[in-house]
Each structure stands twice: as C-alpha cells, then as structure tokens.
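Asks: Chain order of the listed sequences is A and B.
Here the first sequence is numbered in our numbering, starting from 1 and rising by one per residue.
Here the second sequence is numbered in our numbering, starting from 1 and rising by one per residue.
These are computed hints drawn from the structure, not numbers from a lab.
No experiment lies behind these values; they were computed from the predicted model shown.
Hints are not guaranteed to be accurate.
Stated by the list, open to error - As a list, the in silico DSS-like pairs of lysine-lysine whose alpha-carbon atoms are at most 27 angstroms apart: (1) K137/B with K23/A; (2) K102/B with K487/A; (3) K627/A with K102/B; (4) K539/A with K528/A; (5) K334/A with K82/A; (6) K23/A with K32/B; (7) K221/A with K69/A; (8) K322/A with K82/A; (9) K587/A with K553/A; (10) K287/A with K367/A; (11) K521/A with K583/A; (12) K23/A with K26/B; (13) K553/A with K570/A; (14) K549/A with K570/A; (15) K86/B with K26/B.
For reference, the chains in residue letters:
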Amino acid sequence: MAAYIGTPTSRIDGHAKVTGAAKYAAEFNAPGLAHASLVTSTITKGRIAKIDASEAMRVAGVIDVITHKNRPTMASRDKAYKDDVAAEGSPYRPLYDDEIKFNGQPVAVVVAADADIARFAASLVRVEYIEDPFVTDLLEQRDTAHEVERPSRPRGDAEAAFAAAEVRHEADYFIPTEYHNPMELFATTVTWEGDGKLTVYDKTQGVQNVQRYLVSVFGMKPDDLKVVSPYVGGAFGSGLRPQFQVALAVIAARALERSVRLVLTRPQMYGLSYRPATIEHLALGAKALGPLEAVMHEAIAQTSEYEDFNRNDVAWADQLYKCGNTRYSHKLAKLDVSTPSDMRAPGAASGVYALECAMDELAVALKMDPLQLRFVTYSDREQNADRPYSSKKLRECYRQGAAAFGWEKRNPEPRSMRDGSELVGWGMATGVWEALQMPLTVRIVMTANGHAEVSSATSDIGTGTYTIMAQVAADMLGLPIDNVSIKLGDSTLSESPVEGGSWLAASVANSIATTAEAIRKTLLGVTKTMPDSPLADAKPKDVMLADGKIVSKKDASRAIPIADVMRAGKLDRIDQKAAAPVKDDGKYARNTHSAVFVEVRVDEQIGVIRVTRVVSAAAAGRILNTKTAHSQLLGGVVWGIGMALHEETLTDHRFGRIMNANLGEYHMPVNADIYDINCFFVDEPDATINPMGIKGVGEIGIVGVAAAIANAVYHATGKRVRDLPITIDKLRRD
Amino acid sequence: MVRTIEATRPISESIPTPPKIKVSLKINGDLKQLQIAPWTSLLDLLRDTLDLTGTKKGCDHGQCGACTVLVDGRRVNSCLTLAVMKDGSEVTTIEGLMADGKLHALQQAFIDHDAFQCGYCTPGQICSAAGLLAEGKAHTAEEIRELMSGNICRCGAYPNIVAAIQQAMSAMGGNS
Ligand code: FES
Ligand code: FES
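In isolation and in its complexed conformation, chain B is listed as follows (with noise of 0.2 angstroms):
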C-alpha cells in the first residue's frame, strides 16, 4: 500500500517551498557549487546534503555548541546559520581537521586524555577548542573554560577537555 497522495494533488494549489539559490562554498578545502534553499541551515547543508555528518546537531537553536565548525577561520555555531549567508566563505568541519592522514594536535589530545564519552558533542568541542587556538584569548585553565562553555558536554568530561587544549596548545607552540 503506497499511499502517495501526489495524484490526488492538483499542482496548482500546492503550497511552495521556497525558490534554491546559487551559493559556492569551499568546504574542508573542496569548492562546491550549491543550490540551497533560504531556510536552510548550514548545519542540515553538511549533515544531510553533503552527508558531512561528523557535525552534530544537539538542539538547532544555539544552545549546545554541538554544531560548532569554521567558517573563514572562525568558530560558529551552523545551525544559527543560514547558508547561504555564507556564500564565498570557506568553511571547516571536523572531517577537514585531519592533514596529510595525520590527526589534528587538538584530535589526538582529545584522545589522550579521554576527554569525550558518547562522543556526540566532540568534533563540536574540537572545531570549538580549534577556533580558541586561533583566537589566541585563552592562555588560562580558567580561560579555556570560560571560554569553552558554549560547548556542553554531557558526559561531563569538562576537565579531560581542558586539559586536552592545554596538551595541544604546547604542541602547537602556544601557551597554556
């Protein structure tokens, strides 16, 4: 029983959706040309679009940290951001984290001090702690917590994480 309605349906009185747009984004170092519509956000673009779903979504309303990626360098949360605001914008996910098949200093550090559990809120921390680096604000414990609280954890691995960007910030010949 395929009970698609779409015969019943005539197309003149169908509702719209919204006209795509045309936006070119550079994604993990990949131009992709795209036809996107207005309402969606950048996170739905990478999970179900380009099936980039190492980004997570844990509430789509800017509260978790979750969806967290690069855009032109910078931490933003992708589900309070519509795509094709972004367009031009190069954008970095945690499957653009890795180089020359090697973990990011931030990856392996997570690694080592277990500073995940499900998971889930991970490459959202990672991304998170990567555009801190860049930042260059946080030099503190104190900081880097202040400063990552946009990202929540669930598990509660707060302080594995912490000390994972310490542990990246000196290998990366930052200070901590």
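Chain A with its partners taken away, still in its complex shape (with noise of 0.2 angstroms):
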C-alpha cells in the first residue's frame, strides 16, 4: 500500500522549477497590464501634511498617483480588517489615513504604463510631514513592557526553590530583529476580469485568507475576487497575513479598472513583518547532581504600537525537563514599528535559543556533560499538564546525535581542543516544536481512466505539499503517482487553513486518507451490484485501492478492476470531498524534538566562526517523504545558522529607520557559509497523533540549533556570547 509514502519521491513540482517554467506571483500577465511602485513613508511616526504628486504626474507614461485622499472606498471598521491569523489590535490599513505609524509604510502608489517609468515617477513624489516623538528601542521600553498572557500556569514556588538551589545560573539572552527574506519579493499582480470582478495572483501562505481579507476590506462580493498562488519563492511565516501589496495592488486596479502589477523592492519589505527582537531571561537552579529545582523563564518582545503579537516563547521547558518549581512570563513593549509576525518556529526559536544556552551555562556550572544533563533532567511526561507525549523519542535522538557526531570525544575543557590557528568547540542543544493538525477538506475527482486529481486551498511554499499530496494520493487510491495531479493555492478550491506550523502535512494527508476511503466506499458499493462479485460480502475496511483495483486485503486474488466497477456503476468520475476530524482531546502532549550537535571552527586570532560540522537528529512521527524532509531539516539548520552568526537587523533609533534593509548587508548564511550538515530523522511510530502518525517537519530543524552554536563558540572560546549575532567584535568584548 505504501508504494510512495515514506520514500525519496523527487517533488513533482521539480521540472516546472528548474526550467523557469513555474509562475510566481510577479510573473502573470494581462491585456493592459499597469505597474505600480510605492512611495514609503521616511518618517517614523507622524502625519503626512502634503503629497505633492503632480511632478510624478508629468512623466509621461504615468496613468495615476494614489494616495489615502483619492483612493477607492474602503471598510472603515477594524474587524473588516482582521484577517484569519491577524494578532491582537488594531490592523494597519494600507493607504487608508494620513497616519504614519511605522518607518517606511506606504504613502503613495504610483501607477505608470510601465515598471520603469513609475519607479521614476515614485523618486519625484513630494511628501511633507508632521513628525511625533517616537520609540523604536526595545531596551528603551523593557521596563513598560505589559504581560500579555500567562503562558503556562506557575508551578511549586520557583522563587524560592532557585534562591535555595545549590547551583542556579542566571542570565539575559537577547534575539534581534530578523527579517524571513524570501527570495523572491512580496508582489501581487491584479488582472481585472470586467464587471469589477479580479483574479488576485498574489504571494501567500493562504489564498482563502487573504481572499476573505480582501472581500472584507473592499465590500466586494466572494465570487468577485479570487486569489491564486501556484508557487511561492518562500515565505517562511511572512506570508501568512495578507501583506500591504495585495491590498495596495487592488486599490490601484479598482482605481483605474485595469489590470496592475505591484511588486516590493527589497528595501521596501522591511516595513512588513518580522521576528521581533526578544530579550529572554532564564532562571535555573538545580542539585549538584543536576535534576532542576527550578526554572524561570520570562521573555520581553517587541510588538508595535498597534497590535499585540505574541508567541510561546517561555514554556518550553515544560515539554523537555523534569521540574517541579516553574514559572513562566511573556512581556510585550509597543514600539513605533510595524507588527511583528510569524517567523519559522516563532516562539521556539527565540525562546528555546535562550533555554538551551541556560543549559549549557548550567552543566558548565555543575562541572557536568551538557548531554548528560539532558537525560538527568530528561522527561516523559509534559510537565505543565502533567500528561504523557503521543511519542517523545528525544532519548533516540540524543543518543543517535550523539553518536553520529562522535560526541563522547569531546574534552569538555573549553579552549583545549584545537586544529592549527584554530580554536576547535562542540556543543549540543535540544530543539522542541509542536505537532499540530488542523481542519482541512480535500476533493478528489477520479476518472474512469485512472486518473485522479487532488485538489484544496491550501499553498506549497518549498515544503513540497504538491509531491506529499500525489504520494498519499497516490498510495491511498492504488495509483501510479504520474496518473495523479496536485491543483492548489486557488482560494475557489476547497476549505484549507494558512500553511504553517508544521500543521499541514498531518492536515492535508490525514484529509487525503479520508477522501479516498469515501471514494472507496463509493467504488464497493458499486461491486456490490455486480453480478459475482468476489467482494459481495466485504466490508469497507476489508478493502483497499490498490494497482487500479479494489482487492480484498485479505485475499489479493479477490479483485475487480476500477475501471471495470466504473463501468459497471456508469460512472465517469467520483467526486468526493471530505475533512479528517480533527481530534485533540489534551490527553497527550503533541510535539517534535531533535537534538543537534555542532563543531565550530574560531579562528584565534581573527576570531572568524566557521560551523563544520552539524549533525541535528529530529523525531517527528512519520516521514511522509524522506528527500522532501530531510530538506526541510536542513534548511532549518542553515536558518540556525544565519540566526547565530549573521541575522540582525540594525535600527537608528534616532530616526527609527532601518540602515540594512538589503540582502548585502542583512547577512544571510551563502553556500560558502555551509559546510557538513548531517540531519536525519529517528523512527517515531505515532498511533495516537493522528491515523498516518504525522508529526510535521517545517519548524523544528530550526529550534536548538543557534543555541548548539553558541555552546560551541564558548567551549572553543571560553567567551560566552549571549546576545545574537555572535559577531567577530563581541569575541573581543570585555
């Protein structure tokens, strides 16, 4: 039965992608087609006094100029704005006032027959403001930071376990602004189908979200306006809100009934969202043989001054270590920025960062084998509600890492291990993430001739949703993966939530069993008017679809061709649309975990970083598709990497605009940056998660592996950095 699943099946998707043949957001097309370039705004916070436009109107080619005074009607309540994973607050509307609530938001869209001519008519748009003090600082605002959430109930009375524990480390860790940098850049292109209909091509993570934000902010009728998005050139969590392109792309084609094309500037995307800057103070005390007395955990993150965004952050600890004394905060300070959002493993990667670096600290202070305090502290049971894991197979991936890496060499001296000029370290850290399911309704259209297409809203933005669907399809209806197609990221096809999490494979693969056990269903209640049929007494469950047959699981010569039961029945095609249930009754936590190992290189006298090695061994219940995946975890060990050595974004807070809004000085880890990466998953059966026991791969290869870095540079520097990057200069500070 399981032809596919579980295999390296090459993503189908690949051919369209390595010929250029795949369309992006930017790369549809229109009779008519206008273009538009934005005007930002340069002020941090303020009024727009003035737009003088009428030098950009001179150019010839240019068709309009908008602004919030001539722009289109728009809703004029806040919850027309709020889109299906929308924070806390009030949203920001796009062009709607003249407000300035955020360092380079959009003021004026320019409109031109061509890219060209409105990028140079944007350059001669005057704009005057009435500037207002502002923040951009968030350790100028730690101490106005409110709580926002009580994370995980408070346990024991971790205030007095830690002052009476016979070894505590405390510390402050710091995450700074980062920015997901998809690489392609955020556009939208807006083709006007007549009678103010619009089909919206836009770069999302959920085309059914950003269709009803759309229908909502523009009082537009649902079968007016459709959202498509076939390929996405990543997102990473940026997508999952319907970004101020799209809806200034529409207000411009609604303005001028044509068709329009909006696409960001590098620069520009720097005024959508982030991973908000996050100072992460940890609190452990312990025995002096290691088990925890206590652990407090309290993060203060930025938000803006608009909508509170938050993330679980703090409670990790709860899902990794034994200990009965918790308590756990989450802070928020509102700055003149924009809202933060979603960035892969949000909470986790942050948080857990600081977590697994306290660790560290820790095992240093208790003279002690940082794995070896994991299994000290190592627990089976969640420990906030006090209830056992669906499968929690982090021992395996300790012990697999570890041996892997080769982690029982280590001399545990820092500064003693070294390779010529350079200063050799290892450290491990452990990674967590959750395993979530959510609604998601699949149709699948089976034909007479054995073909099969699978289709639902959902988007695959790299993760390779396309090929998992076809394999599971193709598993489930016992066809050959060529004979099924994959239609997705189309907000007319059927119900799907946002992609991320990591909750989309278990969703749109359990949904995909369930679709074809009704198709099944179909098929066997057909059998059963044949004459003879060998499956007259065969109960659904008896059956299965296999090699374009139904056949006895019993007994494989008992079997009728599909096509032939179509025959019988008059039937063209099956359709069938179904959801899996979604069943989450708390009796059991649901997470990943992985453990990562890493050797770093410092050069002693440059101080140059180099990761040499990485060996990061996840549990994530059943891989659906071992080439896909395993890409997945590497793609997060190199985000960890970024995340450690490179990724800030630099802010001058005297007028609170950002100075590296670009790829060539917002660093990113290049091919020259990575060298041996050794990610693998340990077998993790799951019967109790959900019926095909998946767990999800997207998040979880990021969570930890800052942190391992981290403990590495300290065993090979003996300098303990905390606040991220870990740069050259930092290795020098006193």
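Since each chain sits alone in its own frame, please combine them into the complex, following the hints.
Replies: Here it is, written out as structure tokens:
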C-alpha cells in the first residue's frame, strides 16, 4: 500500500522549477497591465501634511498617483481588516488615512504603463510630514512592557526553589529583529476581469485568508474575487497574513479599472513583518547532581503600537525537562514599528535558544557534560498538564545524534581542542516544536481512465506540499503517481487554513486518506451490484485500492479493476470532498523533538567563526517523503546558522529607520558558510496523534541550532556571547 | 470611475522619458530586434518585455544572484546589466538550457538532489552553475561552495546544490 509514502520521491513540481516554467505572483500577465511603484514614509510616526504628486504626474506614461486622499472606498471598521491569523489589536490599513505608524509605511502608489516609469515617477513624489516623537528601541521600552498572557500556569514556588538551589544560573539572552527575506520579492498581479471581477495573483501562504481579507476590506462579493498562488518563492511565515502589497495592488486596480502589478523592492519588504527583537531572561536552579529545582523564563518582546503579536517563547522547558517549580512570563513592549509576525518556529526559535544556552551554562556550573544533564533532567511526561506524549523519541535523538557526531570524544574544558590556528568547539542543544493538525478539506475527482485530481486551497511554499499530496493520494487510491494531479493555491478550491506551524502535512495527508476512503466506499457500493462480485460480502475496512483495482486485504485474488467498477456503475467520475476529523482531547502532549550537535572552528587571531559540522537528529513522527523532509531539516539548520552568526536588523533609533534593509547588509548564510550538515530522523511511530502518525517537519529543523552553535563557540573560546548574532567584535569584548 | 488624467495634462509640460534605442540580442538562440530604453536592465527586459520570467528578481541590486543568466557564455547578474550595453550579445536563460526536449544535466541533477525548495533562486543557481562549469575553475566541493556564493538560497539548499553540481560535473565528463 505504501509505494510512495516514506520514499525519497523527487518533487513533482521539480521540472517546472528547474526550467523556469513555474510562475510566481509577479509573473502573470494581462492585456493592458499597468505597473505600480510605492512611495514609502521616511518618518517613523506622525501625519502626512501634504503630498505633491504634480511632478510625478507630468512624467510621460504615468497613469495615476493614488494616496489616502483619492483611493477607492475601503471598510471603516477594524474587524474588516482582521485576517484569519491577525494579532490582537487594530490592524494597519494600507493607504487608509494620513497617519504614519512606522518607517517605510506606504504613502502613495504610482501607476504607469511600465515599471521603470512608475519607479522613476515615484522618486518625484514630494511628501511633507508632521512628525511626532517615537520610540523604536526595545531596550528603551523594556520597563514599560506589559504582560500579555500566562503561557503556562506556575507550578510550585520557583523563586524559593531557585534561591535554595545548590547550583544556579541566571542571565539575559537577546535575539535581534530578524527578517524572513524569502528570495521572491513580495508581489501581487491583479487582473481586471471586467464587471469589477478580480483575479489576484499573490505571494501568500493562504489564498483563502487573503481572499476573505480583500473581500471584506473592499466590500466585494466573494464570487467577484479569487486569489491564486500556485508557486511561492519562500515565505517562512511572512506570507501568513495578507501583506500590504496585495491591498495596494487591489486599490490601484479598482481605482483604475485595469490590471495592475505591484512588486515591492527588497528595502520595502523591511516594512512588512519580522521576528521580533526579544530579551529572554532565564533563571535555572539545580541540585548538585543535576536534577532541576527551578525554571524561570521571562520574555520581553517588541510589538507595534497597534497590535500585540506574541507567541510561546517561554514555556518550552515544560515539554523537555522534569522540574517541579516553574514560572513563566511573556511581556510585550510597544514600539513605533510595524507588527512582528510568525517567522520559522516563532517563539521556539528564540525561547529555546535562550533555554538551551542556559542549560549549557548550568552544565558548566555543575561541571557536568551538557548531554548528561539532558538525560538527568529528561521528562517522559509533559510537565505543565502532567500528561504523556503521543510520542517522544528525544532520548533516541540524543543517542543517535551523539553517536553520529562522536560526542564522547569531547574534552569538556573550554579552549582545549584546537587544530592549527583554529580553536575547535563542540556544543549541543535540544529542539522542540508543536505537532498540530488543522481542519482541511480535500477534493478528489477520480475518472474512469484511472486518473485522479486532488485539490485543496492550500499552498506549497517550498515545503513539498504538491509532492506529498501526490504520494499520499497515489497510495490511498492505488494509482501510479503520474496518474495523480494536484491543484492548490487557488481560493476557489476546497477549504484550507494557511500553511504554517508545520501543521499542513498532517492536515492534508489525513484528509486525503479520509476522502480516498469515501471513494473506496463508493466503489465498494457499486461492486455489490455487480454479478458474481468477489467482494460481495466485503466491508469497507476489508478492502483497499491498489494497482488500479479494488481488492480484498485478506485475499488479493479477490479484486476488480476500478475501471470495470466504474463502468458497471455507469460512473465517468467519482467526485468526493472530505475533511479528516481533528481530534485533540488534551490527553497527550503533541510535539516534535530534536538533538543538535555542532562543531565550530574559531580563528584564534581574527575570531572568524565557521560551523564546520552539524548533526541534527529529529523525531517527527511518520516521514512522508524522506527527500523533501530532509531538505526541510537542512533548511532549518541553515537558518539556525544564520540566526547564530549573521542575521540582525540594525535600526538607527534616532530616526527609527532600518539601516541595513537589503540583502548586502542584512547577512544571511551563503554557500561558502555551509559545511558538513548531517540531518536525519529517528524512527518515531505514533498511533495516537492522528491516523497517519504525521507530525510535520517545517519548524523543528531550526530550533536549538543557534544555541548549539553558541554553546560550541563558548567551548571553543571560553567566551559566552548571549546576544545574537555572535560576531567577531563580540568575541573580543570584555 | 476611470481616472486617467491624460486629458488634464498638457503634453508640452510632460517630463519626457528617455528615447528608446535599437538593440539586437540573440536570446536562447532567437535573434531579437528590440527598442529598449537605456535605463532598462537586462533582467526587466527578459521578465517584463519578453515574458521570459524564468529569470528571477530577488533584490535588483546585485546582492542575491537570482537574476543570473549567461551572456556570451559568462554568468552575469542581469539586474546589474543594462540591456542596451549588450547589443549583439548572446543571452542564455533558464528557458534556453534544455536541448532537444531534454533537461540539461544540471537541471536533472537539481531535481535528483532536491537542490531547491521554493525554486525561486533555482534558475539563477542553475545558470550560475552552468557558468561555473564553463569556467573550469571549481574542482572540489569547497571551490564549488566558494564560487557559488553569489547565489543566495534562503531555503538553505546549499549542500544539495553542491551535490547536484558535482553530479552534473561528472555526468558532463568534467572533474569533481
Ligand atoms: S536580482 Fe540581481 S542579484 Fe539579486
Ligand atoms: S530554493 Fe528557495 S531560495 Fe533557493
């Protein structure tokens, strides 16, 4: 039955991607397409006093300059702007009024016959502002931060236990603002279909989310607007909420009653969302032999003035370590910036970084091997609700990861391992993420010629959705994979949530299985009407679809070709739509886990850090595609390397303006930064989590990597750098 | 409400845009006679005018490599190349790499090794790798990594990209 599931099947969209045939949002065309270019705010807070577009309007080829003064009507209530995954508060409304909430906010849209002209004319728009005082520095607002939630209830008396602990470690860690920087520029092409109908090609992780948002913001009929996004050039969370380019492109198309394309520039993308700068305060107390006595974790993250964005940064120790006394708190500091958003493993990437560095520092204080400390504190039950895990093969991750890395050869002394002019350091850390499933509907249309079309309004942001859908459908329907075609990224398809949080694989695969089951039942029903049917007394659970036949599980000789069944039932096609039930009775904790081992080499004289070896062992339930899942882990590790060593947004707080809003100065790993990375999955059967035992792999790869690197840098140099990224200058600081 | 303002704008007052210049380019084997504004980059010419959208724009500033194409056999960032400066040149884009309906060895190797995820950097990576192979400078994995570092992959497919290039190198009889 599993001809494809669990195999290294190559991406079914691979051919389109290597030939340039795959079309992304900015690559759709329409007759009379006009091009839009943005003018963005150069102040951080205040009001627009005046916009003078007269010079821009004089450029030959300019069609219009649209501002808050002459835009088409938009909804006036906050609620209309709340998308499916909006943060709490009052969403930013593109081009709505004269108020400036953040630097880089769009203030005018210049539309011209071609892109060069729009860009040139945008440079001629003069904007005068009335400026208000502002704050963009988290450190400055640290004390005004407000508590937003109790992520996890306190247990025991953490303060007292910490004070009484034999060994203590307490420190602040810092994660700077990071940007997703997908390689594709955020873009929207709106095609004017006449009668006010629009097709919106958008870069998004959720076509239906964007569709509902636009319909409500512009007061349109749902049938008059569809959102299409067959290929997405990376998103990593930045495409979960509708971003401003989509609203602005629709504004322009509706104002001019024609097709419009808007492509953001890379600097303009720094006005979108990001991983928020966060201070993580950790306090760990332990007995002399290791068991944890107290865990206190407080996060102070930045958010905007208008929305409270927060994720679980602080309660991850509950998923990992045994401890009776815990206290967690999450605070938000409001700044004059745009609202942060989910970025790969939101909350965990930051919070677990701090937790796992703190565990390493505790191990140093305990004079204990850090891996040994993980075994001593290991928990087989999730601590907060005191419940078992649906599965937790983290011990296996530690064991297999350590073996693959050669951890037992580590000399615990910092600065004790060297190779020529380089100090060598080995560090490790744990990763953890949630395993979620969301309601999602799949439609399968099976035709008598043995072909199936499988569809849902989900997306493939590079994660491999197309391919796993085809694999699961092929196996469930007993068809060769080439006979399965996949449709996604279209808001008119059946209901799907946004693609995020690593929940898509479990959601879509189980729903394919459910829908395939409905098809199987239909076919079985027809077999009962066939004369001398070998399946006359078979129940739905006794049969499966395999090799183009409906066949008894017990006796493979009792089978009928599907084509014959369909002919007998006079069916050209079977069309079924179903959603797998999403069950979570709260009895089990649902998580993925990983163990990450890292070798760094630090040039003793210059301080250049190279991550020369990474072993990442992950436990993530059933793996649908060993090739693409491996790539997900690998990508996560590369992100972790960027987080540890390169990525940081630098703001000039006197102006509230980002200074490195481009790919040259916002550093991300390039090929030469990446050496040996060995990622693998440990076997983790899970009969509880969902019928197919799937947990999802998009986020787990990054979690813990930055901590393992920071810990390795400490081991190499004896220097503990707690504020990311770990750059050469910080190794030199006293 | 169509709000075209042309009617209210006296032509004499308009700010002119630069006159177009005649250029001939051989693109993926096709000779094209084109009228191009001097400020148009080769990238925008390919994507916007010729609808060859396989070549990608990731920054427009020479910082990411997504726009890499081959001009007279050498890899260049097409966003930093003004189209008019390449009059008479031969340009090969990702759309021109297949021969006789068959994938180029690099294209096949990228699929085999899952050397991409979202696929957005991929045409640039493949064109860059084709240029790299022609240069003949890279022999080891380390040299490939170094010489492919002008092409960012945010999905982080780097090790798979190196493996794919090595596979193509040996398939094409080069050294790896
Ligand atoms: S688009 Fe040319 S280098 Fe980025
Ligand atoms: S494949 Fe997504 S950026 Fe390289």
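Asks: The structure should be examined with respect to each hint, and the outcome stated for every one.
Replies: Hint-by-hint comparison with the structure:
no. : hint               : in the structure
1   : K137/B with K23/A  : violated, 33 angstroms
2   : K102/B with K487/A : holds, 25 angstroms
3   : K627/A with K102/B : holds, 23 angstroms
4   : K539/A with K528/A : holds, 10 angstroms
5   : K334/A with K82/A  : holds, 19 angstroms
6   : K23/A with K32/B   : holds, 23 angstroms
7   : K221/A with K69/A  : holds, 25 angstroms
8   : K322/A with K82/A  : violated, 39 angstroms
9   : K587/A with K553/A : violated, 32 angstroms
10  : K287/A with K367/A : holds, 12 angstroms
11  : K521/A with K583/A : holds, 23 angstroms
12  : K23/A with K26/B   : holds, 24 angstroms
13  : K553/A with K570/A : holds, 25 angstroms
14  : K549/A with K570/A : holds, 17 angstroms
15  : K86/B with K26/B   : holds, 10 angstroms
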